[in-house]
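Q: Heads up: the sequence lines are chains A and B, in that order.
Per the working numbering: the first sequence = residues 13 to 208.
Per the working numbering: the second sequence = residues 3 to 323.
Careful, some of the hints might be misleading.
What the hints assert, rightly or not - Straight-line Cα separation of at most 20 Å, SDA-like style, residue types lysine to any residue; simulated pairs: (1) Lys163(A) <-> Arg58(B); (2) Lys163(A) <-> Glu10(B); (3) Lys163(A) <-> Arg5(B); (4) Lys181(A) <-> Glu307(B); (5) Lys147(A) <-> Glu230(B); (6) Lys171(A) <-> Glu4(B); (7) Lys163(A) <-> Arg7(B); (8) Lys117(B) <-> Asp247(B); (9) Lys171(A) <-> Asp247(B); (10) Lys171(A) <-> Arg14(B); (11) Lys171(A) <-> Gln18(B); (12) Lys181(A) <-> Glu26(B); (13) Lys181(A) <-> Leu32(B); (14) Lys181(A) <-> Arg42(B); (15) Lys181(A) <-> Glu57(B); (16) Lys242(B) <-> Ala103(A); (17) Lys147(A) <-> Arg58(B); (18) Lys242(B) <-> Ala39(A); (19) Lys163(A) <-> Leu19(B); (20) Lys181(A) <-> Asn14(A); (21) Lys171(A) <-> Glu11(B).
Claimed, not checked - Cβ pair distances, simulated, as ranges: (22) Asp276(B) <-> Met95(A): 35 to 41 Å; (23) Ala228(B) <-> Ala47(A): 30 to 36 Å; (24) Lys163(A) <-> Val197(B): 26 to 32 Å; (25) Arg142(B) <-> Ser42(A): 15 to 21 Å; (26) Gly73(A) <-> Ala228(B): 44 to 50 Å.
Said to hold, decoys possible - Not close to chain A: a few residues of chain B, all C-beta gaps over 10 Å, as computed: (27) Leu43; (28) Glu57; (29) Ala235; (30) Asn265; (31) Glu307.
Hint data in this document are derived by calculation from the structure and do not stem from the laboratory.
Cβ atoms here follow ideal geometry from the backbone N, Cα and C, with glycine treated the same way.
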Amino acid sequence: VNETDRSRWIATHILPHEGEVRAWLRARASSLTPADIDDLLQETYARLWRADLAGIENGRGYLFTAARNLVLEEARRARIVPMERMAEIEALRLVSEEPGPERSASARQQLEQLWRIVDTLPAQCRRVFELRYLKDLSHGEIARALGIAPKTVDNHRAKALARIGEGMKEEHFGRRSTAPVAEGAREHQDGAAEDR
Amino acid sequence: MERQRIAEEAARWAVQLESGPLPEEEARALDSWLAEDSGRLGALVRARAVACRVERLAAMGGSAERTRERGAAAHAPNRWAIAAGLAAILSIGALWLATRGGVESYRSEVGELRKLTLSDGTRMVLSSATLARVAFDGERREVELTRGEAHFDVVKDASRPFVVRAGGLTVTALGTAFAIRNDRERVDVTVTEGVVEVARSDGSRELVAPRRVGANHQALSAGSLALEVRPMAAREAQRKLAWLDGMVVFEGEALAEAVAEVNRYSRTQIVVRDAVLASRPLVGIFRATDSAAFAATAATALGVEAVRDGDVIFLQVRADH
Numbered sequence: 013v014n015e016t017d018r019s020r021w022i023a024t025h026i027l028p029h030e031g032e033v034r035a036w037l038r039a040r041a042s043s044l045t046p047a048d049i050d051d052l053l054q055e056t057y058a059r060l061w062r063a064d065l066a067g068i069e070n071g072r073g074y075l076f077t078a079a080r081n082l083v084l085e086e087a088r089r090a091r092i093v094p095m096e097r098m099a100e101i102e103a104l105r106l107v108s109e110e111p112g113p114e115r116s117a118s119a120r121q122q123l124e125q126l127w128r129i130v131d132t133l134p135a136q137c138r139r140v141f142e143l144r145y146l147k148d149l150s151h152g153e154i155a156r157a158l159g160i161a162p163k164t165v166d167n168h169r170a171k172a173l174a175r176i177g178e179g180m181k182e183e184h185f186g187r188r189s190t191a192p193v194a195e196g197a198r199e200h201q202d203g204a205a206e207d208r
Numbered sequence: 003m004e005r006q007r008i009a010e011e012a013a014r015w016a017v018q019l020e021s022g023p024l025p026e027e028e029a030r031a032l033d034s035w036l037a038e039d040s041g042r043l044g045a046l047v048r049a050r051a052v053a054c055r056v057e058r059l060a061a062m063g064g065s066a067e068r069t070r071e072r073g074a075a076a077h078a079p080n081r082w083a084i085a086a087g088l089a090a091i092l093s094i095g096a097l098w099l100a101t102r103g104g105v106e107s108y109r110s111e112v113g114e115l116r117k118l119t120l121s122d123g124t125r126m127v128l129s130s131a132t133l134a135r136v137a138f139d140g141e142r143r144e145v146e147l148t149r150g151e152a153h154f155d156v157v158k159d160a161s162r163p164f165v166v167r168a169g170g171l172t173v174t175a176l177g178t179a180f181a182i183r184n185d186r187e188r189v190d191v192t193v194t195e196g197v198v199e200v201a202r203s204d205g206s207r208e209l210v211a212p213r214r215v216g217a218n219h220q221a222l223s224a225g226s227l228a229l230e231v232r233p234m235a236a237r238e239a240q241r242k243l244a245w246l247d248g249m250v251v252f253e254g255e256a257l258a259e260a261v262a263e264v265n266r267y268s269r270t271q272i273v274v275r276d277a278v279l280a281s282r283p284l285v286g287i288f289r290a291t292d293s294a295a296f297a298a299t300a301a302t303a304l305g306v307e308a309v310r311d312g313d314v315i316f317l318q319v320r321a322d323h
């Protein structure tokens, strides 16, 4: 598997469930700090870079198991483990058995969340993002269109990506965000329902 | 913040890696960046995945989203552009029902847990034997919970308040999550996120002034009791919402109460045959729809027997006692 395919696989099978796993860890293991949870997920991603992806049948299940195992590993390494943590590890055995897609947001919802975050970006950063993804302009074309250096294009794109990455930590990909609903995104949704 | 700086640097590398292998000098710089801290590899792997996800989402929704580009065009959408947007949405697998301004009924059977996404993106989960009527239009989003229990994770839309009516209670939400249970004689609202406004009305008349109920609070209305609002520990709220995961949790409730709860989820009904037994406390986590397992566990825990007779399971004191 090359690096791009590996990234795509992680993007499709792991990333959409990250928010749910974070919420699960927060609920079941309240002694973990937000920094602990960040570290734990970072370690999970690092391991995925070396893992045999063909052996992972269910990304969501893998993510829950990996998270629990890391909490357990940490407890085994530590000299003193608070009782509280042991009880939490026990609680982490309970994974909701609902299949993933029902619990995670649909692609359409994720897309809406994505635009919500984009709407909060600084103007130039948002313009770069839109030219790249809505107009499919190349790196060089964006630099020329906006009259900025290619390096600046990279900076704006990195900033947008970092913000979106932050948003993807939320359960259902940022549905808790307080950003206003984008104008016009509602037109084709009135009165329609999606049964899941 | 250090963590945030790492995430931004990782995003920067992810952007550069998107356009192919790095020139040698850059590749060496990346290696030394990675070598500085063991957490950085994970940050980079995640940033690259985020970049792929954004690419993919944008590709899926690109044509739909083009119709909402900023500027004058957004105010006068071309109907063909909207049609194209709709087609794009259909193609990503959503099931759309054209019911503009109409009323849709959603029903769950006994033991069924039904998860729906309403047209505004609000997620509605119906617990066992629940009936909800949904009426959305340009000005309002209204749900009538005729019976049963439902949880709502409401998408904010300041121009269209989200209102749920159930047995004389009106709950108004603006971007919040709450559950509401209509047991006929009692309506119970549990707020898990944000704030809702609860009012008790009798048709057109408001019986009590609307009250604001915040996260981890519960509002109940039962019989003559006007409206009671009380705080609720996060743990208790979680326990009350265990049904969202298909579970029920008891922490010392009387067996009779626990049985009544489990009976909501199954056609198999449990009957407790002894008043003393009915008042004994029960602790445990159970799969909501598995009444046989519940009865067996309760019987073991309380030292009694569970006897099945067709669709009824009797919990009773052992004959030899």
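Q: Please verify whether Lys171(A) and Glu11(B) have alpha carbons no more than 20 Å apart.
A: Since the Cα atoms of Lys171(A) and Glu11(B) sit roughly 9 Å apart, the hinted pair holds (cutoff 20 Å).
Q: Does Glu10(B) lie within 20 Å of Lys163(A) when you go C-alpha to C-alpha?
A: 15 Å, holds
Q: Within 20 Å, alpha carbon to alpha carbon, are Lys117(B) and Asp247(B)?
A: With Cα atoms ~11 Å apart, Lys117(B) and Asp247(B) stay inside 20 Å; holds.
Q: Going straight from one Cα to the other, do Lys181(A) and Leu32(B) come out at no more than 20 Å?
A: Violated - the C-alpha atoms of Leu32(B) and Lys181(A) are around 25 Å apart, more than 20 Å.
Q: Measure nothing beyond the straight line between the CA atoms of Lys171(A) and Asp247(B); if it is 20 Å or shorter, mark the hint as holding.
A: Violated, at about 37 Å.
Q: Sort out whether Leu19(B) lies within 20 Å of Lys163(A), counting only the CA atoms.
A: Since the Cα atoms of Lys163(A) and Leu19(B) sit roughly 14 Å apart, the hinted pair holds (cutoff 20 Å).
Q: Taking C-beta pairs only, is Glu307(B) more than 10 Å away from all of chain A?
A: 29 Å, holds
Q: Could one say that the CB atoms of Gly73(A) and Ala228(B) fall in the range 44 to 50 Å?
A: Since the Cβ atoms of Gly73(A) and Ala228(B) sit about 48 Å apart, the hinted range of 44 to 50 Å holds.
Q: According to the definition I'm using, a residue is off the interface if its beta carbon is farther than 10 Å from all beta carbons of the partner; does Ala235(B) meet that for chain A?
A: Nearest chain A Cβ is 12 Å from Ala235(B), so the label holds.
Q: Tell me if the straight-line CA distance from Lys181(A) to Glu57(B) falls inside 20 Å.
A: Distance ~18 Å between Lys181(A) and Glu57(B) Cα, so the pair holds.
Q: With 10 Å as the threshold, tell me whether Asn265(B) passes as away from chain A on beta-carbon distances.
A: The assertion about Asn265(B) holds, with a minimum of 22 Å to chain A.
Q: What's the verdict on Lys242(B) and Ala39(A), does the C-alpha distance respect the 20 Å limit or exceed it?
A: 14 Å, holds
The structure is inconsistent with the numbered hints 1, 3, 4, 5, 9, 12, 13, 20, 23, 24, 25, 27, 28, although it conforms to all the rest.
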